[in-house]
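Asker: If you want the building blocks of each chain, they are given just below.
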Amino acid sequence: MASNATSQAQSLASSQARQQRRRKSARFYIRRLIQYIVMAALSVVFMVPLVWIVSSSLKTQGQVFAYPPIWIPEPIVWFNYIEALQRAPLLRWLWNTTFITLLSIVGTVISSSMVAFGFARLRFPGRRILFILLLSTMMLPQVVTLIPRFIMFKWWGWLDTPWPMIVPTFFGGGAFNIFLVRQFYLTIPKDFDEAARIDGASNWAIWWRILVPLSRPVLIAIGIFSFVFHWNDFMNPLIFLFSEKNKTLALGLRAFINPTDASWHISMAASMYLVIPITILFFVGQRYFIRGVVMTGIAGR
Amino acid sequence: MAVRGLSKLERREAIDGYLFIMPWLIGFVLWVAGPMIASIVLSFMEWDLFSPPTWVGAANFVQLGQTDLVWKSLWNTAYYTFLSVPLTLMVALGTAMMLNLPLRGQSAFRTFFYLPAVMPAVANAVLWFWILNPDVGLANALLRMLGLPESQWLWSPTSSKPTFVLMSLWGIGNTMVIFLAGLQGIPQSLYDAAEIDGANGWQRFRAVTLPMLSPVILFNLVLGIIGSFQIFTNAFLMTNGGPQHSTLFTVLYLYRLGFEQFKMGFASALAWLLFAIILVFTLVQLRLSDTWVYYEGGEG
Chain A
125 MASNATSQAQ SLASSQARQQ RRRKSARFYI RRLIQYIVMA ALSVVFMVPL
175 VWIVSSSLKT QGQVFAYPPI WIPEPIVWFN YIEALQRAPL LRWLWNTTFI
225 TLLSIVGTVI SSSMVAFGFA RLRFPGRRIL FILLLSTMML PQVVTLIPRF
275 IMFKWWGWLD TPWPMIVPTF FGGGAFNIFL VRQFYLTIPK DFDEAARIDG
325 ASNWAIWWRI LVPLSRPVLI AIGIFSFVFH WNDFMNPLIF LFSEKNKTLA
375 LGLRAFINPT DASWHISMAA SMYLVIPITI LFFVGQRYFI RGVVMTGIAG
425 R
Chain B
18 MAVRGLSKLE RREAIDGYLF IMPWLIGFVL WVAGPMIASI VLSFMEWDLF
68 SPPTWVGAAN FVQLGQTDLV WKSLWNTAYY TFLSVPLTLM VALGTAMMLN
118 LPLRGQSAFR TFFYLPAVMP AVANAVLWFW ILNPDVGLAN ALLRMLGLPE
168 SQWLWSPTSS KPTFVLMSLW GIGNTMVIFL AGLQGIPQSL YDAAEIDGAN
218 GWQRFRAVTL PMLSPVILFN LVLGIIGSFQ IFTNAFLMTN GGPQHSTLFT
268 VLYLYRLGFE QFKMGFASAL AWLLFAIILV FTLVQLRLSD TWVYYEGGEG
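These protein sequence lines map, in sequence, to chains A and B. Quick note: my numbering has the first sequence finishing at residue 425, numbered continuously throughout. Quick note: my numbering has the second sequence finishing at residue 317, numbered continuously throughout.
Heads up, some of the hints might be wrong.
Cβ pair distances, simulated, as ranges [unchecked claim]:
1. Gln261(B) with Ile154(A): 35 to 41 angstroms
2. Arg151(A) with Leu159(B): 32 to 38 angstroms
3. Ala293(B) with Pro313(A): 43 to 49 angstroms
4. Arg216(A) with Leu120(B): 42 to 48 angstroms
What the hints contain is simulated information worked out from the structure, not anything from laboratory work. Yeah, the Cβ is synthetic: ideal placement off N, Cα and C, and Gly gets one too.
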């Protein structure tokens, strides 16, 4: 306690000293100004792709190829979005994507929090080795297992169904996610568990009734990570899905990438069906993305 | 397992422990360990999925060595990795440091910088295809405006790989956020001490930021190399390996061998070659890390 108070006093004193020094210098304000300018410029650079997709999706074909480039479409052609629907079964694909994504989120959140509880709270022989094994799978390139997985799903009759994307999420939900949740569980005091245990609660009750509600932020974070992954996933649907009606939106949109076809405005409108939901989710949940990583102190340890 | 020799209470805890991690354990056996063994076995076979597989011994590996496209694809992948990973790390660290400054509106800046990382690959491909179009694209329009020579970007074998490197800089979001998390974990007192000792900005960066951040740099380096050795989707969507095989990356070649030509054995052999290369790089990095990674409190 005492050392904590001294260090707080020290950091307070030093931050006051810093502020005093800064208040005096004009150089400080000039530096701040430059920093803001750089940040604004970088924001533009990072936002250009999104802005360009949005603006082009609302242009006429002529404006798409206009030089110098036009940023604000005139007139605004909402009809591009309808024409995109007429060219391909986008809504069907959107439904397939939604189905896979939602079930995968459920699988990822439940199974990774369950496994994380085992590693964070329960002692059993081989725990350390198994945990190292789990971490090392993060470094395993996916392609090594790709062909046998394809053959396995072919045997099971799962090709051209959503199950190869969904079912594995219920079995662990990914090493990285398990790791994040476990790190979070380690920050929750064990006193909560002990109190419940004295009242006769089982491990399952402690996990479900105590740790899961307390770890809501990290569960939201991995839910969002899993949303982004499955929503955008291209490689798995490419390998496991074939027929038009079963494709996901990310896979189906490939038909709109055609360098010889000049209707880029329609391609952009079509990709907006994939971009809009994830952008909304991102803006709503952005603090969880970042906090999810920050709070677990992933810091490479 | 060794559940005997434990007390009754410990045994019950151990059984629960195994039950809790069971989903992962089953998944690990079914989709990681099992397939890895299967893919070793497959790499010694010839199989087109339709006729019965035949054992061919090391023939696939011999053929790997004799196939020019294998070497070409490995060279392309290495070229991309060695340019993209250091650049990505530097840009991500730079932006993370900017985001760590005490400025107003940092959460908005953070959102903007991260956003391209969540853009779907297909949407990105549509967009870049067109930004980079040599005749009507935004990129050449910008170069013309600045009076610089135009580029063929993806459409010339000399500029196609650097163009992929350039595009990878827009996807730094995750790396950047992990750096930011690391930066926020560095105690301010260290910077204050360095400032009192008269260290300037660069010296503070060298003496405080870099060592304190070195575990995070290692983490991003290892995952960055593993990720970029597996570059696939962008190349598949945008260039499909061309022009003149200059963007035929290893995983793209593997996809063609396995899922277009149905050479499951040969493709598995290539997968193992790539895995071996990635593994060697990872182990070398972890070994070298002893010399430059600083773990607070002695042992890491």
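Asker: Is 43 to 49 angstroms a correct range for the gap between the Cβ atoms of Ala293(B) and Pro313(A)?
Answerer: Holds - the Cβ-Cβ distance for Ala293(B) and Pro313(A), about 45 angstroms, lies within 43 to 49 angstroms.
Asker: Within 35 to 41 angstroms: is that where the Cβ-Cβ distance between Gln261(B) and Ile154(A) falls?
Answerer: violated (51 angstroms)
Asker: At the C-beta level, are Arg151(A) and Leu159(B) separated by a distance inside 32 to 38 angstroms?
Answerer: holds (33 angstroms)
Asker: How does the Cβ-Cβ distance of Arg216(A) and Leu120(B) compare with 42 to 48 angstroms: does it lie in that range?
Answerer: For Arg216(A) and Leu120(B) the Cβ distance comes to about 46 angstroms; the hint holds.
Violated hint: 1 only; the structure is consistent with all others.
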